[in-house]
Amino acid sequence: MEEIKKSAAKNSILIMNRYYHSNIVYGIANGLKEKWLESLDASVPKSDLVIVLDVSQTESFSRKKSKRDKFEKNKLF
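Each residue of the sequence shown is one higher than the one before, starting from -15 at the first, in the working numbering.
Bear in mind the hints are in silico, worked out from the structure with no lab data behind them.
Among the hints, a few may not be true.
[Said to hold, decoys possible] Taking lysine-lysine and the DSSO-like style, the derived pairs with C-alpha atoms no more than 27 Å apart in a straight line are:
1) 17 - 30
2) 19 - -11
3) 30 - 19
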C-alpha cells in the first residue's frame, strides 16, 4: 500500500488489476454490506479512471485455461 501511495503522490500513472473495486463487488455478492466494505478501503487512494472489460462468462472461461481462484471456479457466482 505504501508503494501505491508514494507513486500516487508523484503523480505516476498506475495501472491496477482488480484494485479495491473487486473486493467491494465480491463482498456484496457474498451478502456483505456495501458501506462496511467501503470503510475497509477508506484509506486506499481512489481511482481517477476505471475501465471495465465486459466479456461473457462463456468467453471468459474459454480463454482462461489455467488455475482459477475460488470465485472464478463458481459459475453461479
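Q. Of the hints stated earlier, which fail here?
A. When the structure is compared with the hints, none of them turns out to be violated.
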